[in-house]
Amino acid sequence: MTANKYSVLNTRVHNVDGYAKVTGRATYTFDVKLPGMLYGKILRSPHPHARIISIDPTEALKLPGVKAVVTGKDTLGVKQGIWRRYPELCDEQILTIEKVRYIGEPVAAVAAITEEIAEQALDLIDVLYEVLPFVDDPMEAIKKEAPMIHEGVERNVNVTRHIEWGDVEEAFEEAEYVREDWFKLGGQAHMCMETRATVASYTSDKKLTVYTSTQSPYYHQALLAGVLGLRESDIRVIAHYVGGGFGGKFELDASQFCASVLSMKLSKPVKIVFTREEDFIATKRRTPMFYYVRTGVKKDGTFCAREARVFTNGGAYTGMGATALYLTGFFHSFPYKWKAYRYDGYRVYTNSLPSSSMRGFGAPQAMFCSEQQIDWIAADLGLDMIEIRRKNAHTTGYEVPGQATIGSCGLGQCLDRIEEWIKARGTLPKNRAIGISAAGFMTGGIFNWFDSPYSFSSAVVTINYDGVVELHVGAQDIGQGSNTTLAMICAEALGVKLENIKVHSGDTDHCPADLGAWGSRQTLMAGNAVKMAAEDAKKQLLEFASAKFGYNIIYDLDIKDNWVHNVARPERGMHYADLVKEALRGKDGQRIIGRGHYTPHRKGMISPAYSYMVQAVEAEIDAETGKLSIIHCTTAHDCGQPINTLGLIGQLEGAASMAVGYGCLENMPVEDGKVMNPNLVDYKIIRAPNMPECEIIEIDTFEPEGPYGAKEAGEGLTNPTAAALGNAIFHATGLRMKQAPIMPEMIVNAFKEKKKEGGTP
Amino acid sequence: MSLKCPVCGKLKKDPVDCARHMFGTGDKPHKAWFETQGLSYIDLLLSQATEPGNKAYIEVGELIARTQQG
Amino acid sequence: MEKQLLRFNVNDQEYELFINPKTLLVEALRDHLGFAGTKRGCDTASCGVCTVMVNGMAVKGCSVLAVQVNGMNITTVEGLEKDGKLDPVQAAFLDEGAYQCGFCTSGMIMSARAFLNETPAPKDAMEIRRGIEGNLCRCTGYNSIVRAIDAVAKGKYREGA
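Chains as they are written, first to last, in the numbering used here: chain A, 1 to 761; chain B, 1 to 70; chain C, 1 to 161.
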């Protein structure tokens with residue numbers, strides 16, 4: 001590894017929020033207590049599909065301690081959605097008025113002086129339903145005779161997406177080998193350690209303060225304004241510490257909406273915290289999908305054509321589902337060059353909990369299908385699994401026709417290093433094998449589906465008398481460490497030590513708008529804004545240094561490690577802290593303020609930059625029980641330029657734990673619209689003894705669009721693991737697993753099938 | 001046995017391949033043909049995409065072959 | 001239900017509470033005494049974010065009633081820091097970045113502290129992993145936490161080390 005040319009970037013530092021987190025001082029929405037605060041609870045539909053005939057709160061209101069009961073009729077009834085630019089995709093009232101469309105959908109909310117009383121009051125609200133026929137299977141929902149879930153949406157198909165380039169038919173004619181396969185991909189719960197939580201406080205001067213566990217305070221500010229009839233600027237969203245998001249906390253949820261509606265009715269603070277069960281059954285989950293893939297290649301492994309058809313189980317409402325539908329089709333082509341490609345995606349409403357966005361955003365599903373089929377094709381043709389990928393890999397400068405230009409790509413080096421690693425492992429014991437998966441992922445999206453008028457990211461840098469830098473960003477830290485990463489970028493750009501940077505985030509009253517933490521966008525987009533702001537401030541500071549030193553105009557000044565100096569003769573200079581004082585006096589006591597912003601322009605259809613990786617998973621299969629032991633997980637990873645070293649390791653290991661869950665643990669069966677395992681006993685997430693050792697092989701490239709060449713790390717890393725695990729199973733046993741998560745019974749059954757057929761499935 | 005696509009006349013090498021072509025283009029004229037045969041394009045598409053085995057392609061292929069024979 | 005008197009020691013301080021006997025230990029700590037460092041994350045005693053020490057033993061605060069610990073010594077995460085000095089486990093967590101969102105961190109640190117008190121020299125990483133098996137973490141994938149505990153066990157944070 002080359003020596004670090006940066007002072008702050010890619011060094012091990014304490015997370016700027018670390019002290020608060022390890023001493024129990026971090027205050028989450030879960031902890032917020034306001035004077036006179038009431039507790040809210042939500043009454044939820046027991047039916048997957050029903051008309052609401054009447055809601056009678058009389059008995060509930062009689063219960064001592066109950067202060068209010070609200071239903072959809074007490075709201076503006078706005079059909080909202082996060083795809084604000086497309087009203088037809090804004091289909092969710094949250095407190096629904098006419099119909100319930102999934103088990104768990106909110107129909108009323110209570111505020112009371114204790115949580116216990118609010119809970120008791122729920123049982124006293126009398127709701128009359130006219131139960132309607134329901135459909136929870138997309139294959140049934142699309143039939144002519146299926147009940148219509150949303151008025152006017154034919155066959156319950158509410159979104160379709162199409163991606164195509166080249167002449168697919170011709171390319172298939174050229175192919176010398178064609179393989180087609182069908183896959184079934186499950187959903188997954190975000191399962192944040194902190195459930196959905198909000199404290200809303202409305203005061204009669206028409207101002208609303210909302211403490212909430214969110215990935216984007218700005219989105220929630222704007223969405224709440226839309227549904228409550230308030231000005232955005234009269235809503236303050238505060239999220240100092242957030243207990244996890246993973247894609248589930250940037251849409252409007254019932255905790256924010258119901259707490260706000262109740263608070264507006266009572267002019268008192270109202271707190272709503274979802275129970276773990278509510279978090280499982282009534283939030284939006286990873287989108288389950290059916291995948292058909294047909295791939296044509298030459299006998300030497302050159303890829304010719306691929307066509308994919310996908311039906312997704314959208315659940316009752318759209319949310320971010322339209323994005324997941326597009327991204328799954330786009331990333332299904334990644335990271336390879338296809339002569340011709342066609343993807344058709346269909347999103348189907350069903351009477352089950354809505355599906356939306358979860359870390360990976362449709363790509364883990366896409367890779368499970370693509371990367372396994374590639375291994376099967378390689379095996380069918382007697383080709384090496386690394387070589388077939390190398391032959392077709394993306395390269396820097398490649399244009400995905402009509403979709404994207406690849407600004408930087410370390411995929412080739414990733415393949416080389418993984419190939420070395422596999423060789424070094426040597427021969428493995430029986431029933432154990434290594435499976436690989438390549439992947440690439442977006443670094444933030446370019447499309448303004450939220451219809452925001454603001455820059456996608458903004459930053460303000462203000463330098464105090466003592467040299468401390470107040471860094472104001474709208475980017476939200478949800479645990480991924482954006483506060484620290486952005487502080488590091490600020491420190492590097494300004495030339496000061498990290499301890500000089502004080503980060504302000506998570507408060508719309510004090511921070512600029514930012515689209516928030518999703519799509520792995522913040523390091524690049526907010527990072528660019530921060531770099532611009534810091535460089536602006538540095539330039540202003542150096543004006544005073546230039547005047548002071550009076551060097552010949554050919555000499556440049558710079559700041560590094562708190563030392564302002566002549567670049568050619570670095571021993572000549574002054575301390576940063578002294579320059580700050582002089583500049584302040586020079587500006588008549590006004591602090592230097594630097595501003596920065598970033599919005600991608602003309603960067604294709606998806607993203608300004610793409611990360612790349614190849615992951616190798618070593619797994620052992622117990623043929624008797626079907627149980628999997630994951631021995632090791634090694635990832636060669638190209639995120640351009642690592643910024644926050646400990647953050648990067650944390651993202652890699654954390655993503656792997658979540659992706660292993662998707663691969664073989666987190667089964668989420670829904671029967672008759674009901675989530676069958678909405679608790680932490682029956683929904684299995686990985687625990688410490690089962691987590692494999694994870695190794696990271698860093699491949700440095702340089703992404704021109706990113707700050708210091710950086711691009712995403714964190715979401716892409718959830719993409720390859722399920723596929724790599726499937727490939728490990730294939731190489732160990734010859735079994736082709738076409739369903740995720742891969743449960744032990746499936747392996748046992750697959751072994752039985754194999755025995756029956758007497759050959760390879 | 002090679003067949004012509006009943007909509008655009010393209011020559012395909014066998015009935016299943018012809019059906020594959022019709023689903024594949026998915027454009028309005030090709031979709032409309034399904035309706036004229038009393039079939040539901042979307043139902044067949046769903047079955048083809050979600051059930052292993054290409055039953056839909058086979059059925060549609062046989063239908064095309066029958067209409068071109070008779 | 002008639003309230004009961006509860007006397008116990010929390011973080012080296014004696015407290016007296018008059019509470020409903022149904023009150024869980026975690027509720028007494030958070031809602032009655034204001035020790036908000038300890039969290040709650042489930043209703044099935046599965047996640048471990050409510051872990052505290054009772055007479056030195058790691059206990060899920062949601063799985064015992066407050067009145068059951070009458071007369072006992074409770075330690076929460078707030079009690080680890082002594083005279084402004086972090087406990088070695090806390091220092092190790094900082095050095096290894098063994099947290100991300102931080103919601104599981106208080107409970108995880110308490111489990112780690114109790115584990116090391118009982119097993120100061122774990123024989124391998126798996127023993128450490130078993131020591132924190134009762135604590136779920138959705139963010140880190142546990143490995144940085146294991147590294148932090150291992151560093152303490154290996155004496156990196158000993159006085160004068």
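Where hints are given, some of them may not hold.
[Said to hold, decoys possible] Pairs of lysine-lysine residues, derived as DSS-like cross-links and limited to a Cα-Cα distance of at most 27 angstroms, are as follows:
#, chain 1, residue 1, chain 2, residue 2
1, A, LYS144, B, LYS13
2, A, LYS299, A, LYS206
3, B, LYS4, A, LYS184
4, A, LYS143, B, LYS55
5, C, LYS82, C, LYS22
6, C, LYS154, A, LYS67
7, C, LYS154, C, LYS85
Everything labelled a hint here was simulated from the structure, so no lab data went into it.
Could you work out which earlier hints the structure fails to respect and list their numbers in ascending sequence? 1, 2, 3, 5, 6
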